[in-house]
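Could you fit the two chains together into a complex? Lean on the hints.
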Amino acid sequence: MQALLDSPGLMIVATGLLVGAAAALLGPFLILRRNAMLSDAISHSIVFGIVTVWLLTGAASGPVQILGAALTGVLTVVLTEALAASGRVRDDAAIGLVFPVLFSAGVLLLNLYAREVHIDAHTVLLGEIGFVWLDTVGLAGYQVPNALVWMGAMTAVNAGFVALFWKELKLATFDPVLAHAFGFRPRLMFYLLLFLLSGTAVTAFDAVGAILFVAFVIVPPATAYLLTDRLVAMVLLGVAISAFSTLSGYGVATAWDVSIGGMMAAMTGLCLAAAFLFGPRYGLIAGMRRRAGEAVASETRALVVHLAAHEQGAERAEENVSGAMRSHLGWTKAQARRVLLRGLDEGLVTRDGALLGLTPKGRAEAEALIEPWRRGGG
Amino acid sequence: MSLFALLADYTLQNVAIGAAILGAVSGVLGSFAVLRQQSLVGDALSHAALPGVCLGFLVAGTRDLGWIMAGALGSGGLAALAILGLTRFSRLKTDAAIGAALSIFFAVGVVLLTVIQRRGGASQAGLETFLFGQAAAILRQDLWIMGAIAAAALGAVALFWKEFKLVTFDPVFARTLGLPVAVLEVALTVMVALAVVVGLQMVGVVLMAAMVIAPAVAARQWTRRLGPMVWLAAAIGIGSGIAGALVSALGPGLATGPLIVLSASAAVAVSILFAPGRGIVWEAVERARERRALRGRQVLATLLRLAREHDDPSYPAEQGMLDLYHGLGTRAALERLEGRGQVARTAHMPGEGRHWRLTPAGREEAERVLAEFGGERG
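Going down the list, the sequences are from chains A and B. The first sequence runs 1 to 378 under the working numbering. The second sequence runs 379 to 756 under the working numbering.
Just so you know, these hints were derived from the structure itself, not from any lab. From a predicted model like this one, the values you see are computed outputs, not experimental measurements. Ideal Cβ placement from N, Cα and C applies to all residues, glycine included. Each statement offered as a hint is correct.
Label pairs and their computed distance ranges (CB to CB): (1) H180(A) <-> D548(B): 30 to 38 Å; (2) D548(B) <-> K167(A): 38 to 46 Å; (3) V64(A) <-> T440(B): 42 to 50 Å; (4) G444(B) <-> R291(A): 40 to 48 Å; (5) R553(B) <-> M288(A): 19 to 27 Å; (6) R291(A) <-> R553(B): 19 to 27 Å; (7) Q415(B) <-> V64(A): 36 to 44 Å; (8) A297(A) <-> I658(B): 57 to 65 Å; (9) T359(A) <-> V561(B): 48 to 56 Å; (10) T440(B) <-> V232(A): 49 to 57 Å.
Only chain B is shown next, with the shape it has when bound in the complex (with noise of 0.2 Å):
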């Protein structure tokens, strides 16, 4: 199939649209929550969706996406409310909390699961797509449901901006303010239970956690300003989203949330190497450049060192002379400086190995290294 006719297949251009819509939802509200150190509430909080999923479906006795969709948003917002509970009226602790509810609500899914397939309608319902995601399986109209969804979400953040950046970033400060410090928390946890229901069918319930915060944990190695990283967790949501699905409508029985999954962690894995300023080989090589300078200085501060305590101005200093002062090999620093004009080769006795001087630039350098560092000791 060519790239065109890729483009132009119904089915796919669905795929694609759904794929940047959830890419976006879960980019900007997965800033928040990774912001917030909630990275794990949407585990659960996708988690406890499956719930809510099956009872929409008996409800409606279809799979109607509405309800379905409903259920899932009232199943992750209860979810949402027994961690706050446990933490806030219980001895215990966030992690333990989390994961109970995570379990619990995934174990009466799992039953209702079981309640549906009785009936007989599991099969046709295709319920079991809300597990890993089933990107081939989203209509037309299905999108427009989750383009509300996203636009009320988006809209939402927006709207309220400033105050859910303050709570994020110093919520003590916020409440010094007057503002509602807990209904503004509460609604960015129940918004990621939004993202989590637009990730449904693309997704999964069981690998929605990772659409959370992997776009935003690349985002946020690129820049430290809250703007640019929730537009950049957006943008990588949906690229990831795109690849993912494009991937897995291509190639038969690839589940997509696994294949999207794995698209924003190849994201972040770029991201936590290569980011400007913040990526583990931006800073090797960063080091590798000062480490360089430092020793090109200490080698000027020698020669200049040397030159006043033979009151020479060019002594030539041997280079296994160099090499003994500083106990490692000088002469790529030396070839380094003599690049840069600030010291020469210089012919002393033949058979002696390689002597250098220093040039007036280089002692002019030299002399201001010196001063800068307090050597005045030579």
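Chain A with its partners taken away, still in its complex shape (with noise of 0.2 Å):
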């Protein structure tokens, strides 16, 4: 066991899938209610926070330090939102105002006072997952890396608030008017939401940096939400997807002996362009093929209609031949062509010398088109 956590690489993948799993559980919620921004604007902001904390009490992690810090990140959005709602200010440019003060103030403070601290400027942005295995502490007989322990903590935390409050959050998210009706407290449950989100960012800071930590919070959810039209199918993804891009990305960056953080993260990015290009169903090639089909099926619509159509008059000579689909419908010849054969392949329509004619399944088809009413009815 003690083997197990001495194992660096071992240590890094575990939290590196704590942290993934912790954030996606929240981020769908945040999607959904399209305030994805307010992570990036709180695990920004809560630099402010950790530095605080720090100055005031010396704790630089453990429970002082992910509560207190957690504060600033609601702090954010209390600011955020008061701006919005004094009407002079939008809330994108809201957003924009409040957080880049507060981690500015954080910067400032961290080189004035906390030179010596392992939280420098470089941690706040980058993290330094690679290194979590050096600091321990003794838990149960065991030494335990400490960012485990608190992610572990953590990750517990959320899941306990997400499986305990799924119907509350849900409705909340879909319908708040609704739940507020129902005395669900919407506002609280979103509240307490970017709560835990902040206490996230704050006990997962160290590992990825503030930016990144965004990227996991984002990026597996909306993956998810291309692949999915269900909010416990969107949840397990986000997890699913995450805890693919910290193994891959682990595998790769330490084959290429790079940034272990950053490369989890770029993973998640090629996971969301692996499913915007590739997704079943709303997937961009799904959809252009979905399209297509579509052009093709009304192209033999087409097709039969104007069978059909002439089917009975003096005019068949003239109108159901192939040189027709040319001049009246205004197809191209090798689309004249390319509509006849499928027609012809799929048992619509029936080549007498020139002459076109239907079949009978083409016929109920043309019928069913003209006079819908009738279909089913008889």
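Encoded structure:
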């Protein structure tokens, strides 16, 4: 057991998995509420909280630090909402005004008073997940990395919160007015969520830094959002995607000897790109194929309706020949040929010399299109 | 160091000129971004500059500002396209797209930073100064590059002023006029990337978002016209740039970025509180003045009604009774009216409290008030 805990690689991956899981549990609710950028604001401004708490109490990690600094995250949201509510600044600008102030103050305090601590400005931004195994505490007779202990606790709290308040969170996210009518306190839910997000950011920032944390909050749930319509699936898929990114990112980073945290976050981006392009329902390629399929189907429909319309009349010899496809339907020669061949393949159209006719199946389809109210009723 | 010696200092001159260039560009371009509700795009583009900075360094092999700026512009533009693509071709909303692009690009930048570090060039290259800015590192030749970019961006704004204005306020109308709206919108976004590039050395990639937003928001409070707003934003940007840069050059270990951002944010706070017509304090003062004026008119009207009821033009009304009429103290209002010569103290019977009567001027005013507000009940 101690051998496992002494293995740096294992500890790094375990911490990464916990950061990813804790963040991806909360991220979906932010994305669905269109408040994703609040995570960016919070993760920047907790720097101010971390430095302030450290200056006041000397605690560089642990519960005091997590609680104290997490309050700064909530303060950011309160200030942002107050600024937006004053009606003088729009929502997006309000976010972009508040967090830089707190972040700047935090960085200046760091530069002035905390030059000796392990939290320098560089760690604040980039984190150093590669060193998590250095800082350990005794727990049940084992030496366990500090980051792992607190990250584990934070993940458990987040999972408990989401599981316990699932119904409330879901309703507050999709229909806050109804949630309010039911007495579910949607605003309280939202603030609790942001408080936990701030706490997670504080706990995770040693490992991945302020900005990479944003990647873990936003990108895996956003990726999951491109793959599913169900909230449960979105949360679970988000956790799975961040686990995959952590593992693959660690592999690539050690192979190339580059930043582990950076590579893990970059891998979430790769997942997003893959879902964006190849997602089965909402992916770019699936969408293009669907549109192409619809275009093909409407061409075939145009052909059978055209043939049905002129089937009885004297103009049949003129209208229902392949040449008329081009002049009357405005198709190119290749297009007319393609549609005609498909109609023959699907057993909708018959050909008798130059003359085109409909099979019973093709006629039924045309009639259903021309007089849809007859369908079924006879 | 005396003020004169400060102004003559070569480095400080560079710093001040650089800060002025940055302030002008970010103020002008930020105005359009804020008005188009694209404030947080600036946040994303500035974070996304990091991988470009690293790539520029890797290509040039040294800390060559030209290459680094080109790289930053390239990766910023790419991030802008990624945001545009994600919002247009997937179901992700703007906030998630911005957050995803911001954090993924930054993660790639972190990975590239370690690549450079491994080559052993980062410390002497001072690439880390691009995170928070280091104004003292600015050279005279850097200023020429910054100035050229700024001139190009500001020239473009001057040249296409009418078009940009129309696209900002009424893109639909602009389209009916046949303007290439999409091209103009992309141009405005890419120009924000230009502002970011100019700010790399002064403010750094992390806090440039604030320089795009803050001067524009501050300027918006003072005027409702685009022209004055842009000029004012440029002035506020220049002022806060110089103020922050000078303070940072004086103190040891003070990063320039946070100080410039705090200066600009202070300008925002002052503007939101005190701007005439729109400021919070201004509005409170105005409201109090109106309340007082209303109280005065009410008291005059009451005195006139009492006078009419008693058929005595100079009917002496007791102050306590007037208090009862209005449900609150009327003394301040009566004394103000007395100062204007519209009421006068009058002796009634000794020991019966203070009495007031209308003067002829006050009666005239009270009749006007009653006529105006339809109060001919008395």
